[in-house]
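Novice: Sequences and hints are given; from them, build the entire structure.
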Amino acid sequence: MRKVCCLAVMMALLGILGGVAGAAPAKTVVIGFTASQTGKLNVEAIRQINGLNLWIEQVNAAGGVKLPDGTVLKFQAKFYDDESKKERVQELYTKLINQDKADFLISPYSSGLADAAAVIAQQYNKILISAGAASDSTYKKGYTLIFQVYTPASRYLTGALDLLAKMDPAAKKLAIIHEKDKFSTDVVEALKKYAEAKGYQVVLHEGYEPGTTDFAPFINKIPPGTDAIMGGGHFADTSTFAKQLHEKGVKAKMVALLVAPPEPRFAELGEAAVGVIGPSQWEPLATTYNQETARKLNLPFVGPSVPEFTQAYQAKYKEVPSYHSAGGYVAGLLLGEAIKRAGSTDTAKVKEALDQMDLLTFYGRIKFDTGKEHGLQIGHEMIYTQWQKDAQGKLTNQLVWPEAFKTADVQPYRVK
Amino acid sequence: MFGQLLSSLADGLLLGFVYGLAAMGLSLIWGVMTVINLAHGPVIALGMFTAYLLFTQAGVNPYLALFAVAALGLGLGLVIYGVAVHRVIDAPHLSTLLATFAVNMIIIGVGTAVFTTSPHNIDYSLGSLALGPITVPFTRVVAAFAALAATALLYLFLYFTRPGKAIRAVANNRMAAELMGISSTTMLALSFGLGTLLACVAGGLIATFFPFTILSGGPYELKSFVICVLGGLGNPLGALLGGLLLGGLEGLVPAFMPVSWVPVVEFGLFVLVLLLRPQGLLGAR
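In order, the protein sequences belong to chains A and B.
Residues in the first sequence are numbered consecutively from 754, following the working numbering.
Residues in the second sequence are numbered consecutively from 12, following the working numbering.
Derived from the structure by calculation, the hints contain no laboratory data.
Every residue gets a Cβ at the ideal spot worked out from N, C-alpha and C, and that includes glycine.
Some hints here could point you the wrong way.
Claimed, not checked - Pairs of lysine to aspartate or glutamate, DMTMM-like flavour, derived with a Cα cap of 25 Å:
id, chain 1, residue 1, chain 2, residue 2
1, A, K1102, A, D822
2, A, K1071, B, E277
3, A, K819, A, D1108
4, A, K1159, A, E1024
5, A, K1147, B, D134
6, A, K879, A, E836
7, A, K974, B, E277
8, A, K1004, B, D134
9, A, K1001, B, D134
Stated by the list, open to error - Examples of chain B residues lying across from chain A (beta carbon under 8 Å, computed):
id, residue
10, S19
11, T128
12, P130
Specialist: Right, here's the structure in full:
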């Protein structure tokens, strides 16, 4: 009898038994997504899928997720290149659901693309964890199956203004130059409202087309005496913008730009990177997201610690992870945790588990809005980084805000 | 306000020289053989990528790389002419339009496969030049001078060398030139090559200060059309002037209205010139 049992277990492990006996002790969960491997969003998008792939590899190596009925779930990624194009996204997500039979979906990188994917996910009753998409507007459309990992766009740059107030209470003039896409527009609309409520004067508010390479016309419009310049968009355009701000010798107390500054590759700009502040979803230096903090907040801590994630990522990809990488990893982590809590891969049950989720990970706190803006991230906080030169003149990205994470004091961008 | 205006104008004018250079290529081809080269944009992009590859793979200074870029541009033009243009040169305009459009699609297709559409960047800086309220990157100043030098060379070539004179003769009257013993096929191929050479060099210069993809030539191709119409189709010197005018406009317009209005003004002007002075500001050649 014992021998038979052993044999049965072995066969089950080999996956042979599945079809024969009707019970399915091992099951593969297909996670479908598209990734902008080419096109203007490729830097951020590739880091995001790297993060997600790392999670899949780790969870499978650890034996997968076990359900109460004994089923062992293994995860498999199925993805296509969306070329950073919206029209490709909808076509490919439909294909992922219908042909590739994806059980769960992860969003592509960027708010515009994720928004396009969200419609399809909701229509086909699939849960979509939105990684790398911060726009608030997706969650005002009445979707019930879309869950956001990032702090929403409306809270991206407001913290930078708080930092400016602390750095120089006399600073009052703010220039906003931003990419005219969904995400950046959401960010600066909220920033402008917040700034005006705080008594700041918005001296310039201009949007540039995605794909802009010449920022001179915008930079020339920044009035003399402007205290802070904020805005930007995504990696490619924001890096060029930062480079040209430097080349044009612009003076300001603060330059805070979206998306690009927290990316390690931003350091390739050299001198032009110095002093640039960026809002980040996550930083390897923010080690305060740990078991101890979780105990204090009375929350469960799930997944690896900050150093564990950073080391594993570096070992696999030979580069420092950015918040885009962390976002991709956490999307998988949350999905796995929700399935575990639901004890099933049923959409309704996993949705329920996600709705009730309130936990701490290496990436920060996670809690979703379950009210009017269903799925909006309300637990997670932004961190602000600044590129500074250390004593040897080497560029390092320091955490300057909020106080709890600070690794260095904030420095003015260029005042002389 | 005055400082701001001056600074904008300087930026626009410096860029205008490079616009002019790119447009000159288009203008020359039209002037000699009345062909509208729709592969102009991708050829500009190929100039960018040649400079990029030489810089990143072989460590060649981007300005030295321009000579190689020019050689490639010439060769590319000869090939395009031989393969796509020569057989349809006497056919109606639609044929040459379609032929060059096909070349355009081929270059973009192959370019996308090889380089993807991710942005590339020549990480090269010469610092900035500060003069009172004006601060401009040196790369733009050098590009403007290089564009001027290329224009001067083209002028010298067309007016003071035998092949240059032959090109002008063919442009003037192909039949008469043939009767004088000039091989019009050679001259047409050469002028097409010169046109693409100018486009490639303009691309190489742009690559020193803006990031680019294989699709980046598109906007410059459009600007080239506007410039050619402004300066008079087929008039290379008019192209340079048109370039400066367009660059100046691009600098000045944003000082008074949102930057997104620039294309509206540009193409508004395009239509106005076509309506009021179809021969261009300097007149067609």
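Novice: Run every hint past the structure and note whether it holds.
Specialist: Hint check results:
no., hint, verdict
1, A:K1102 x A:D822, "holds (15 Å)"
2, A:K1071 x B:E277, "violated (48 Å)"
3, A:K819 x A:D1108, "holds (21 Å)"
4, A:K1159 x A:E1024, "holds (23 Å)"
5, A:K1147 x B:D134, "holds (18 Å)"
6, A:K879 x A:E836, "holds (23 Å)"
7, A:K974 x B:E277, "holds (19 Å)"
8, A:K1004 x B:D134, "holds (23 Å)"
9, A:K1001 x B:D134, "holds (16 Å)"
10, S19, "holds (4 Å)"
11, T128, "holds (5 Å)"
12, P130, "holds (4 Å)"
Hint 2 alone, counting from the list given before, is not met by this structure.
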